[in-house]
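Trainee: All chains, full assembly: derive it from the sequences and hints.
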Amino acid sequence: MSSELRYTANTQLEHLHARYTGTGHADLTKYEWLTHQHRDTLSSIVGHPTLTSYLAIADGEAVGRVKFEMTERMLQPCGPPPPKDD
Amino acid sequence: MHLYNLTVQAPTAITHAVVGNFSGARQQELVLSRGTRLELARLDSQTGKLSTVIASDVFGSIRSLAAFRLTGGSKGTSSLLWLWQFSSVLSQHISPSDYAIVGSDSGRIVILEYDPQTSSFVKIHQETYGKSGTRRIVPGQYLATDPKGRAVMISAMEKAKLVYILNRDAAAKLTISSPLEAHKANAIIHHVVGLDVGFENPTFAALEVDYTESDQDATGEAFSNAQKMLTYYELDLGLNHVVRKWSEPTDLRANLLVQVPGGQAASSDRYDGPSGVLVCCEDHIIYRNMDAPQHRVRIPRRDYPFQDDERGLIITAAVMHKMKGAFFFLLQSEEGDLYKVTIEHEEQEVKALKIKYFDTVPVASSLCIMKSGFLFVAAEFGNHHLYQFLKLGDEDEEREHSSTDYPSFGMADPNAPLPRALFRPHALENLALVDELESLNPIIDCKVLNLLPNAGTPQTFAACGRGSRSTFRTLRYGLEADEAINFDLRGIPTSVWTTKLKEDDQFDAYIVLSFINGTLVLSVGETITDAEDSGFLTTSPTIAVQQIGVDGLLQVHPHGIRHILPDKRVNEWQAPPEKMIVNATTNKRQVVVALNSGELVYFELDLEGQLNEYQDRRAMGSTILSLSVAEVPEGRQRTPYLVDRSSVPPAEFADVLYQAVGCEDQTVRIISLDPENTLEVISLQALTAPPSSICIAEILDASLNRAQPTTFVNIGLQNGVLLRTVLDPLNGQLTDTRSRFLGTRPVKLIRVVLHGNPAVLALSSRTWLNYTYQNMMHFIPLIYENLESAWTFSAELVPNGFIGVSGSVLRIFHITKLGSKLKQDVIPLDNTPRKFVAHPANGFFYLIESDHRAYSASAAEQELERLRATGKEFDKEILDLPQREFGRPKAPAGIWSSCIRIIDPVEACYGRTVRVVELDNNEAAFSIAAVPFAARDNVLHLVVGTAQDTFLSPRSCTSGFLRTYKFVEDGRGLELLHKTEVDDVPLAILGFQGRLAAGVGKSLRLYDIGKQKLLRKNFPSTIVTLNTQGSRLLVGDMQESIHFAVYKPPETRLIIFADDTQPRYITTTTMLDYNTVVAGDRFGNIFVNRLDPKVSDQIDDDPVGAGIMHEKGILMGAPHKTSLLAHFHVGDIITSLHKVSMVTGAREVIIYTGLHGTIGVLVPFISKEDVDFISTLEQHMRTEQLSLVGRDHLAWRGYYVPVKAVVDGDLCEMFARLLPHRQSVIAGELDRTVGEVLKKLEQLRVMAIGF
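Here the protein sequences line up with chains A and B, keeping their order. Using the UniProt record's numbering, the letters of the first sequence correspond one by one to residues 1 to 86. Using the UniProt record's numbering, the letters of the second sequence correspond one by one to residues 1 to 1251.
Treat each hint with caution, since some may be false.
What the hints assert, rightly or not - Derived DEER-like restraints, expressed as beta-carbon distance ranges:
1. B:Glu200 x A:Thr11: 32 to 42 Å
2. A:Asp27 x B:Asn225: 24 to 34 Å
3. B:Trp246 x A:His25: 30 to 40 Å
Don't read these hints as lab results, they were simulated from the structure. Treat the numbers as computed from the prediction; the structure is a model and nothing was measured. All C-beta atoms in this analysis are idealised placements derived from N, C-alpha and C, irrespective of residue type, glycine included.
Mentor: Okay, here's the thing in structure tokens:
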């Protein structure tokens, strides 16, 4: 692969990653992957009315509260990122 | 195995509701989203009743809903037409109407219009913008419209926001632009709302949090400094571009935005409001606008003496209402309290933000205010309520909190909370409840059993609801009849009629009862009394009664016909000597009588109102059992019928050859009453049994003919079967015969009027009603006493009623809810029900209830005790408010309220709570089973699995218990024998081989009474269900599907020998046979797994299980795998599954219930031909693209796993609603006629569920 081609392929990939949030790549860390998983799950729960009802019944909370807490948790679902060792 | 899915009860939850003028008529309507269905409901503001106009399955998941109206919009007309709007006919179509926008999981934005002509939703636009499915960055979650209807924003949970411009083209048709992006990468979106900016550029406000920095910062500092931004996006109509206009941090715990009116009124320079938004945060409400000072108030909270003080209070639903020159907001907190919020403003400058407590209603998923003064509360759980506004809370004692009470309008320190505001909730003062829409949502557990006497079909017992509004409901399939009056006649009448005196009378004047040896006439007025001088012959039984001509009455008795004129003169026709009238049929113009000699005599009313006999009598050659003539068509009554041939409909006769051999000669003949060939036999139909009754009725059925009513000939047979055939009006031939078993008694048919439309009552051992609802014909049993005879009844107090005779009792009743096929009887509960079991012998139900974050009665008492000890003063009265309406003080996580309830389901016809056993020590019940212990001579014991101090996430408890109870007082009481301690929450327990099998956390354990644990086996995550047959145990795991285990007593070994290849989040399971299991999962799927019978035999033949134990596992699991037989996505979380027979003598079906109130059945197909035929029909129906949200049907039913071996009956039944030419195209492809396809569909439904 010529350096030029690699360059364009990379920008394309970056472009795609920027466009499709949550898509994985070869250098994805465990933390990033897990955070994506959690955000996907949380948004899926909020997006399915039956699932929010299900959680609300189990927890004795209002559906609106469940949705709110789930959305809040999307900010940092898995705690702070691990320190970078460089 | 091939299954046919039919929905018996569509989901009853309402996830979104919007109000608007969708039909273009002057009244407002509601569009309701029921998760997977879209409904249009109309309010009758006179009676205050909500009724469904149409409901349509969308085959997708609706996530958001909005209504909008184009400015100055009018429906389907150009502006030139406004001159005509005084014409009453046209004005209906000219007045402006709203459109509905639906955001769903289809990756498409859909704009719908309601077409009143065809009574259906019409898709105007469907624009694809992304992938299907509920995804993080695919829009559909939030919808916001510009109040002037110029643009709409559709947003995802994260990043993506699209703006579409809405406009009108030259033909006044709605147009939609290509989408404009307003994306913000790495931003989580909490809410989006359209700002009211008048006619300036459309602007949308979004509540966003950026996570870029907190994702990078390992110290966690960025996370704690993260800000929630209120951002304005302006759509520049000139540049066709969306810009981020303004972005400012707001409260970190903001969750909801509410539009505040703004812009100038068209007629004056005055501003409607200050514009901007209300930002609803935890505990606070902030008024916010660009370049304007903020106003903040604290949300008042209930003044409970004890509650979880750490907890904030959030607003979960909001509605803004604009009146002439004023506006207000109703905000609802998560506890159900409504607050009235008002903004004091001068032009665009806000002076004060005020909040006060208004009333308490159920917690809503949506609130809608209608201009006629009603508030619709779409409850998130339980029944939906409709309230009428009595006042707007302007002059009451309730304290109002204003932003001017605080320094800098409450924004002195935006990060510090304002001082606490308190109130005490009160019973409804400003609102009055006018109607309730019954909702099963949520169904948490359910049993299908036949317990009630003379019910015929099994009843469904459902534990529904959440918290203190929970209910236990008995559901019976059929129409609910409300009895108005009943009284005893001291004699057993054979028949009953009612009659008016004149053609145009509104109400009935006489009730005529025929006895074996006489006739009784009652007159109907304010009371019902014996009628004197009615002109009827009372010394002889009556055969028929009819109001004839303009003002005449007619009585047919065995010896003749009496025509009673208004001046009480009587014209009498005598039956020929030696002959008697045995049967008669009448309408307003015609009379046909049958003599015992087998002859027919035909009379017509002439123009002078004289009844004339037709010159010939016709001998049928056999005894005539029943006859029927159709009603004179509407509008033809006054035409000279002798001239107009079509106004004289054919009569028809039944006639039975008793001397014939076999059944084939039993016939129904259609006889002409056409003047050209009067009394000629036109066609003949053979029957399988002697007919007992015949009824010709013209009923509208859109699947056959959507333009005009179809003439049906209903033939009731003596063996209880009803045949329904269609009479071809041109040639008098009978076509499209459908049969149905009604009951064990000979069928009696009566033509009646139901809410102004013709209907047929069929009486057998059950009473059935055949009627039109939403243009489709229905045939449903009535839930009422068995009737021997019935007739339409109309009086001032009961305008749309029926009168019936059962035994010697005369009953007057009416049917109001034509749409609901389920009759519900409700027992209130105190906490959220979890599970229940039926005692096999005494028929009682034992139900466990437990509520998280709620104080039990004893815990509340302890808290009060503690408060009293501190000597603090507190408001005791607030604790005495009825908990059913107001709920309870919220407790911190880990506090539970729980009880065991004994219910007698039969008493008083709909059950009663016998006893409640409260659980103490903060224990909560999670599982229940009736277990026969072999060590106690197989006497049944009740075992309840509980856990103390349970936390849900992550799940933990200080200790679990298995409480063993003895049934005392014939099951009316429980005596605690002992508590066995276990180390985790027991979520599933089951009697197994004279012992107890319990799923405690992830381990399965066997217990015996009086002994400690015997055995233990671990499973992947948590055991949620247990089923058994023989020595086999089926274990449903919370995440890892179903495991097959076998118990080998010689070695007391429990061996897992088979499991599933797919991970499944099991919610409920039922064994279909020894090797087959049906299960539901948390994502709305139903699937069937089967174990290879060879493996099954091999396992059973191994005496000690040594062979299985040493088999090698496959895929890190058990050595054998089950195979998937069927799979189907229902769209509602399956909460229970049952294998029962719904119709006496019919084959068993699978009944499932869903969390949002779905009840459905899966019917196994009998023959391969049926499978081929219905699957092909389903394929054709799929290509019709019927989904209103634009979701692909195949993709929806195969949401998680491709649909397998299940045909969607709901889709197939939409065949009846297709346009006629599409119907015939599809039927042609299938090599059938349209009638045959419809018949097959009806047959499948009737065989499975009986109606």
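Trainee: Hint compliance check: list the failing hint numbers for this structure, sorted ascending.
Mentor: none
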